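**Student:** Taking the hints into account, I'd like the entire structure generated from these sequences.
Sequence lines, in order, name chains R and G.
So for the first sequence, this note's numbering puts the first residue at -14; every next one is plus one.
So for the second sequence, this note's numbering puts the first residue at -14; every next one is plus one.
Treat the hints with caution; some may be incorrect.
Since copy identity is lost for identical chains, a pair holds within one copy or between any two.
What the hints assert, rightly or not - Straight-line distance between alpha carbons at most 27 Å, and here's what the computed DSS-like set of lysine-lysine pairs gives:
1. Lys187 with Lys240
2. Lys123 with Lys185
3. Lys262 with Lys87
4. Lys262 with Lys140
5. Lys262 with Lys123
6. Lys185 with Lys162
7. Lys262 with Lys219
8. Lys113 with Lys123
No lab work stands behind these hints: they were computed from the structure.
Being a predicted model, the structure only gives us computed values, none of them experimental.
Protein chains: 2
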Amino acid sequence: MINTTYIIGVGLIGGSLAIDIKKQRPDCTIYGIDTNVQHINEALELGIIDEKAAIEDIRAADLVILATPVDTAVILLPMLLDSISDFGLIVDVGSTKSNICKIVALHPKRRNFLAMHPIAGTEFSGPKAAIANLFQKKTNIICEIEKTAATLQEKALNLFATIGMRMRYMHPESHDKHIAYMSHLSHISAFMLGKTVIEKEKNERDIFDMAGSGFESTVRLAKSSPAMWTPIFKQNKDNVIETLQEYISNLSRFKALLENDDFEGVYKEMDETNYIKTILGGIR
Amino acid sequence: MINTTYIIGVGLIGGSLAIDIKKQRPDCTIYGIDTNVQHINEALELGIIDEKAAIEDIRAADLVILATPVDTAVILLPMLLDSISDFGLIVDVGSTKSNICKIVALHPKRRNFLAMHPIAGTEFSGPKAAIANLFQKKTNIICEIEKTAATLQEKALNLFATIGMRMRYMHPESHDKHIAYMSHLSHISAFMLGKTVIEKEKNERDIFDMAGSGFESTVRLAKSSPAMWTPIFKQNKDNVIETLQEYISNLSRFKALLENDDFEGVYKEMDETNYIKTILGGIR
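**Tutor:** Written out as structure tokens, the structure is:
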């Protein structure tokens, strides 16, 4: 049974989880913990959480969801594990998995922790960004499942399945390597696209009338929160640098094709990449 | 009056215009011209055009919409102008404007031509991609309006206003310079993101389960047609190379910040670019 859930970090992900958990388990009391007082009050007003709480209160928790930025998560997790009861489970939802798994590898209560990364979100943040059904048909990457106590695994995975997540199991280092390509690089690509355009056009606001849905879609992630993304890039630095190097090489090669008037080459680059249609079509 | 409209190139843009024009002017006969026989037949079956026609038939046209790839457009336009009646208007809808304006600058029937770029579209192509109301509240850039005969201007702009376009007037070279930032660069950014990820992950299809909505949004334009985009990059080569150089510099700078563990700098880059929220919010 999950009678009490504590959400640490009542933002987009923590708040959306709170909404879906409440819907599935109406009798479960949802407590919110956040250093941002405004966020806690908003979450209460919006009915996302039932009550506010403090870190010390998690002793009584059946389930704790750690949904802070990843730098805070690695600091909090060992302390939370120190406090949690033998029957409580702490789950983190961060976008990097190696660091957090390493930090508690030898903790005596490692079995009370489950490392996961639900691949869901929007470019917005804070409790006002929380929405119902965010996790419907979304992939949830679970790391080191064998290190979590079996009864706690079952309790958590049942709950996450009922809110629509599809579980995938992966080694933390594999997760971090591949997520750099599938997510972290997209964010940098969008941020730097936004920067390039703003630098050029900031004094010519009329020019933004020329922004079509294509630009909006490609630059969308540049609205994301720097407070969330800076620690992700820090923790996944080596993988991110590698993807960025490959991206820059591909862009430079494309530029060289243009400079050399090799438009057959330009066509070929795009034609081969159209394959992304098949790949993205296949996963829906 | 517009009693006959000829659409040359019945793809996404030409087809969508055909649908909207028919809705506004039910008595107007819509003719389709396309070298791709399958596309013509699809357009007939879908009811996008009333009849198929040949280039020679445009003598009788009130309105001709030139919606081919931009390399074909610059070849066709002078011939079309040779054939058009004094009361007919030819409009092109290409994503580059300098070349096409230059090519007919001294044509004796220059006043029967209107150069424009409706900034609308999707990543799909062909008549099956054509949709109603594609141009609702979309910006339509008009170039060298003063070179088009006043009565023909009026006729065309009335029609395009009724299908929802918002007109903006711009010099062709200005258009090409700014559209490189606002549209062409987004496409290259998406294509090279797709390429980078495919190169790394093509043998690991499971990895694409990790693709969230963020990756899909950022890479969406990589589904676009190489046959349409190669001639655009060719005609706007100098501007595109310039934007690409600035984009690569910004990415390299971001990578250097990561390599130097300057995470304050990383935060600052993203924080400043969040300004894109205000800009894109402001144009809605």
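**Student:** Is it within, between, both, or neither for Lys185 and Lys162, if the alpha carbons may be no more than 27 Å apart?
**Tutor:** Between. Shortest inter-copy distance 11 Å satisfies the 27 Å Cα cut-off; intra-copy 33 Å does not.
**Student:** When Cα atoms must be at most 27 Å apart, do Lys262 and Lys123 count as within-copy, between-copy, both, or neither?
**Tutor:** Both. Shortest intra-copy (19 Å) and inter-copy (26 Å) distances satisfy the 27 Å Cα cut-off.
**Student:** What label fits Lys123 with Lys185 when the C-alpha limit is 27 Å: within, between, both, or neither?
**Tutor:** So Lys123 and Lys185 pass the 27 Å test across copies only (23 Å; inside, 37 Å).
**Student:** From the Cα coordinates, with 27 Å as the cut-off, is the pair Lys262 and Lys140 best called within, between, both, or neither?
**Tutor:** neither (37 Å within a copy, 40 Å between copies)
**Student:** At most 27 Å between CA atoms: does that hold for Lys113 and Lys123 within a copy, between copies, both, or neither?
**Tutor:** The answer is within: 21 Å in one copy meets 27 Å, while 29 Å across copies does not.
**Student:** Have a look at Lys262 and Lys219 and pick one of within, between, both or neither, based on CA distance no larger than 27 Å.
**Tutor:** between (32 Å within a copy, 24 Å between copies)
**Student:** Between the shortest in-copy and the shortest cross-copy C-alpha distance, which are at most 27 Å for Lys262 and Lys87: within, between, both, or neither?
**Tutor:** neither (37 Å within a copy, 37 Å between copies)
**Student:** As a check of your reading, is Lys187 near Lys240 (CA-CA no more than 27 Å) within one copy, between copies, both or neither?
**Tutor:** both (25 Å within a copy, 24 Å between copies)
The structure fails to meet hints 3 and 4 from the earlier list, while all remaining hints are met.
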